[in-house]
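Student: These protein sequence lines map, in sequence, to chains L and F.
Count the first sequence with the numbering used here and you get residues 1 to 348, in order.
Count the second sequence with the numbering used here and you get residues 1 to 656, in order.
To be clear, the hints were calculated from the coordinates, so they are not data collected in a lab.
Treat the hints with care, since some could be wrong.
Unchecked claim - Taking lysine to aspartate or glutamate and the EDC-like style, the derived pairs with C-alpha atoms no more than 16 Å apart in a straight line are:
hint, chain 1, residue 1, chain 2, residue 2
1, F, K222, L, D155
2, L, K22, L, D56
3, F, K217, L, D44
4, L, K189, F, E197
5, F, K170, L, D155
6, F, K177, L, E245
7, F, K217, L, E245
8, F, K217, L, D115
9, L, K189, F, D195
Note that the structure is predicted; figures quoted are calculated from it, not measured.
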Amino acid sequence: MSKSKYACISVKTLAMRAQKIKESDYLELIKAKNLTAIFQYLRDRTYYGEFLKNLDPLNLHRTEIEVCLSDFKVLETEKLMHYLYGKDKSFFKMLLVQVEVESLRVLIRGIARNDDLESLRGLIVYSKKYTNVPFERLLRVKDWDKFKELLIDTDYYRVLEIFKEVSIEQDLVMIEKSLDRYYYDSLKKRLLELDKKINRDLINAQQRNFDLLNLVWIYRGIKFYKLSREALIAYSLRGGLEINERRLSNLVDAKNTEEIKEQLINSDYAFLFNHTKTIDLYMERRMKRYLYYMYLKLFSEGSNSLGRAFAYSQLLDFEIADITSIIESKRYRMKPAEIKYYLIRSID
Amino acid sequence: MAIENVIMMDVVGKIEDVDKFTKDIFLFNDIQIVDAMHEIDSGRFILPIREENINGLLGFSQLVSGETKMGEKNYIKMVNKLNELYKGSLKLNMTSLAKGETALEKVLEKVDEFERNIVVEYDEIMYINTQIEGLKKSRTAYSYIDEVDARMSELDGLENFSYSIGSVTKDNAARLKSIYNSVTSIVFHIGNQQDNEEVFMIISPKDFEIESHRILKALNYKLIEGFSLDYTETPREILQLIEDKISELQVKCADLLKNLNIHLEESRKDAADSFNTLSLYGNLNIIEKYMAFSEKNFYFSGWISKRDKEKMENIGKKYPDLIMMFFEINSGSGKPPTKLKNNWLFSPFEALVKMYGIPSFDELDPTPFLSITYMFSFGFMFGDVGQGFILSVIGFILGKKGVELGKVLLRLGICSIFFGFMYGSVFGFEEMIKPVWIRPFDEINTMLMAAVIIGMMMLFVAYIYSIVNKLKKKEIKEGVFGKDGICGLILYTSLLGLFGLNVGIFKQAGQFNAVLIGIAILMVVIVLIREPLTNYLFKSKHLYQEEISEYYVESGFEIFEMLLGMLSNTLSFIRIGAFALTHVGLFMAFQTLAIMVQNGVISVGILIFANVFIITLEGLIVSIQALRLQFYELFSKYYTGDGIEFKPIDLEINLF
């Protein structure tokens, strides 16, 4: 019974994944001359065409494509949620919360800059079906207190209420970090509520994700921001796999990045640091590529669990991130060979 | 007529008359309101260009919708307050509204006076309630530190240390714990909150206060509310103090409440009147939101029954300069709603029809046919005088309590009683009365044959319904040449005829055989080529709307499905006979059990249980089976059910 529970969603995701773009498509996209060419290729030759056809190729901004792709991700997630119920469904809902948090972040930045929030409408992506954040009303808000008041029935109120005001110099970073932490704490909670026997691989994969996010945070916190040990701990994620509380504590106690590298030399995550010059430049990409292969594996092996569906959504995230990177790289006029270095998926 | 004709009524009137006119509309009730602004925008609300219409026409250029013009009125708040004070015991009384003069100003004055009378007590109660809320907060706050054996004034007056009490989420509590050793304060875990948060007391030297607060802020530390410098005793004493104060306030509050209630009872009549009028205006406000307004005129649209036209015109005559226009369905109005009208016998069955879908306005109402056949098939399957009587009593009681399906049950029960006499069965016993017709178990074949014949008759009627519906919608292709159209009917008849001739039901066989086979084949061919045939007759440009090969593959399978369907639909009605047999058989099994136990008391127990079991379980199964025959075998032939339900005003409005 437990096995057949996921049969339907697994087959569905298999079909959905088959429609996504292939390596040859990536090569074409990389070769494309400019944004318009990328857009036309996506519209005419890929599965995304359906969702991009309303955009005007002559008057296009790259954020429009990005927002469209995020909208697409929300739709795909909602579609998969039809097949789920109970704890599985609430776990999947976290994927929508992630998008919601992104949208709130855009709005809060808008408030910090005293922007007219209505002008940000085009950047706001959320699931109309599942959200309980009143985005329509938030867009009309003028000040921070009113903004918080509208969120009073949501979990976000608890996160935001202690911040008396918000501006770029003050508290904005703290608020953004707090929102992220809220998201990951809730994700961890939902993750650990899943059936552990069936979803062991999925849980481990996600815990590795937590590990990696922590490592990048601590490494950068020490190297660039010179943060205190308390601040590093305060925004670290909990529920990792290999980096347990003690190791986390040792890591934040490190005096410099060399000590961090030494501590991790025998761990699974040594790959992040065993390079000579390019650690900082490619750290994010290395982490994501590691996760990419991990989720690919989970996708192919997780047909009897929630693993395949979740891996699918993560792979879709990476795909959207790669398309976004390609679009970005056109702006900097990078050469095709160079672009490949910045993509999560390795392309030869 | 089962489906009433509805017409669209458009009204333009002077804005001074709007409240009175709306009140008339509201009391009339049998109107489905339509958003007038939407009607005007879509070009359906048309005023003939004539001299007397000039004002109304001019108004079109400066319209605002009622939604923007009306907004929330303060008397809605009053209505809510009255409702709250009398705990919902006031009801909107339509008859007194129709009689009385209902000027808003007078009532508002009256309510003001009423409010002044009760306001003192009411406000005081509110004030006390907020005080109690505050005290309860303090009680929770101080109970976190009830073990501290020091006066709060001492803690508050510390010279070099400051303390604070607040909460963080579980995850952040874990983070806080892992920096206990390096944070510049003393951290005590002093309790848990209900909403999954942990409460901490933080004591830090004043010199490090800023730094430790920065860290706490990063952990989303939220101060507990309810502490106050006014409380100077030890926490335990404070808690006692709060407790005393709460009970004191509660006593006071109860006294006030008693006084308030006396006052309320004294002025109940006035309040009821005011409530009536104010909620009338609340409702008018809702209706007016659907209207459109110009500076001098209001515009109203709604669906009414055709037979109400004269009544509406009489209402319209009361107002000078009011233009009232009526439009028939096909003069370009939007899709009209369907208003069902059936007599007392059939109307409860509308609920069953609505389960499937509301009939479209240009479709026959299936309710009468469904009612008759549903009652008949239920009775046929579940014929028993005693059990039927119990069903009808239950149905009657439920019906009285307002359960629509109860009324259906009452009718089913009566049919069951009727067939009980036919079969001679009372509570399962077949010895008590003589059957008027037959005993099902004695003549099994007759039962099954009868069932199939009844099914055929029902199918014939369904074909006729289908043909009428399709022709009404001018679907010649399906109505004449389709498988549920005239050709389908002829084919079905000739197949039945063939069957009848060859199994010897009709004696004079022989020469008709060839004719019937010829007709059947011709009909099959016509159904197969119905699309090109229709297109040819109506001289359309293209004979086929899709690829020719695709059409024939599809159509070929449809023929296959049609022939199979005719067989299976007909045989499906055997279940009516089969369930009639099961009904008897099931009881026989229990009866045998009752005899086998050879103990009077247990036997009676078994027989009572058998009846309960049969009434509930078999009753349910039979009613589902009968419904299945309707929905699957019959409705699929003739009924689309894609109409919109006519909603009179009182369904649209939900203010009490």
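Student: Tell me the hint numbers this structure goes against, listed in increasing order.
Tutor: 2, 3, 7, 8
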